[in-house]
Amino acid sequence: MLLRSPGLLLLLLSGLRAATQEKEVRAMVGSTVELKCIYPEENSFDLNDLYVYWQISGSNTVVTYYLPKNSSAGHENNHYKNRAHLSLDSMKQGDFSLSLQNVTPQDAQKFNCLVFRESLQLGKILEMEVSLHVAANYSLPVISTPSSESRDPELTFTCRSTNGYPRPNVYWINETDNSPLDKALQNDTVSLNSQGLYDVVSILRIPWTPNMNVGCCVENVLLHQNLTGRSQTERSSGTEGRITETPDSLQKEDNVVIFITLALLLVSVIVAVVIYMGKSKCPHRNYTGAQAATVVCELTGRG
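Residue numbers for the sequence shown, in mature numbering (1 follows the signal peptide of the UniProt record, and there is no 0): -18 to -1, 1 to 285.
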């Protein structure tokens, strides 16, 4: 008897647990991933002879499927609707791979691919299991530091990082000697946000130490990635915010001052010479009367 109903086919699949090929695939959240399911030998297939079925392993969740005579619409799980696709042209060549678009954290599952041929009385010709691991990059950790005016005997640092996957590991580091701090000193809060991604807040409390440098490291195990935020705190010493200049920069400023002083002196000398030469061309003539001792300047350049 030939089974053309997805429900009846599902019952059949639950009893077929032969040796299954297994593969692992990694994908970033929001990307498109291809889950491979390829017939091992070169062959061509008639689509009217094929039953192709993708489901979540160990459950009745239907991802997508193909049944002959275009009877394969409307039975997939809503989570995968319009995101999971098979290529008819590829299936003719024995490639039954699943293309999954806009990957979400909820897609971190084991997917089962099964292929049957109607001409073999629904004999199974291929079964493959693909484990999909999903990852998302965490944001660079941001550290809130204690106030420099604080007189508390304890320093409290807060580290925040968001929108990552899977669940992170958080470590605090003493940047002075690059040694890990005791995890008993930190308190981590990890929560899932509306996007299904993880946000983490880690609070570190340590005895007060002057000029303390710490680093907050958020580890994404799946991506083999460590993101580290760094911070520094120090008691108020009257130097906060001061810019320290190097001897070279001070020397350059001294040279500029000397140059400007010499330039001003040179200009003063030139002006004095010009005034002196101008007076030398103006002989004094004394007149009697109200305009006595008036300076009369002869105009040069006239005949």
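No lab work stands behind these hints: they were computed from the structure. Just to be clear, a hint being listed does not mean it is correct.
Claimed, not checked - Have a look at the derived ranges for each label pair, beta carbon to beta carbon:
1) Leu174 - Leu122: 19 to 27 angstroms
2) Leu102 - Leu174: 44 to 52 angstroms
3) Asp134 - Val183: 16 to 24 angstroms
4) Asn42 - Pro135: 53 to 61 angstroms
Stated by the list, open to error - Straight-line Cα separation of at most 20 angstroms, EDC-like style, residue types lysine to aspartate or glutamate; simulated pairs:
5) Lys92 - Asp28
6) Lys74 - Asp28
7) Lys106 - Asp31
8) Lys51 - Asp28
9) Lys74 - Glu136
10) Lys106 - Asp77
11) Lys106 - Glu24
12) Lys92 - Glu23
13) Lys106 - Glu201
Owing to the predicted nature of the structure, the values given are computational and were not obtained by experimental measurement. Even glycine gets a Cβ: it sits at the ideal position worked out from N, Cα and C.
Each hint, compared with the structure:
| no. | hint | result |
| --- | --- | --- |
| 1 | Leu174 - Leu122: 19 to 27 angstroms | holds (20 angstroms) |
| 2 | Leu102 - Leu174: 44 to 52 angstroms | holds (46 angstroms) |
| 3 | Asp134 - Val183: 16 to 24 angstroms | holds (20 angstroms) |
| 4 | Asn42 - Pro135: 53 to 61 angstroms | holds (59 angstroms) |
| 5 | Lys92 - Asp28 | violated (28 angstroms) |
| 6 | Lys74 - Asp28 | holds (6 angstroms) |
| 7 | Lys106 - Asp31 | holds (12 angstroms) |
| 8 | Lys51 - Asp28 | holds (12 angstroms) |
| 9 | Lys74 - Glu136 | violated (69 angstroms) |
| 10 | Lys106 - Asp77 | holds (15 angstroms) |
| 11 | Lys106 - Glu24 | holds (17 angstroms) |
| 12 | Lys92 - Glu23 | violated (24 angstroms) |
| 13 | Lys106 - Glu201 | violated (43 angstroms) |
Going down the numbered hints, you'll see the structure goes against 5, 9, 12 and 13, while the others check out.
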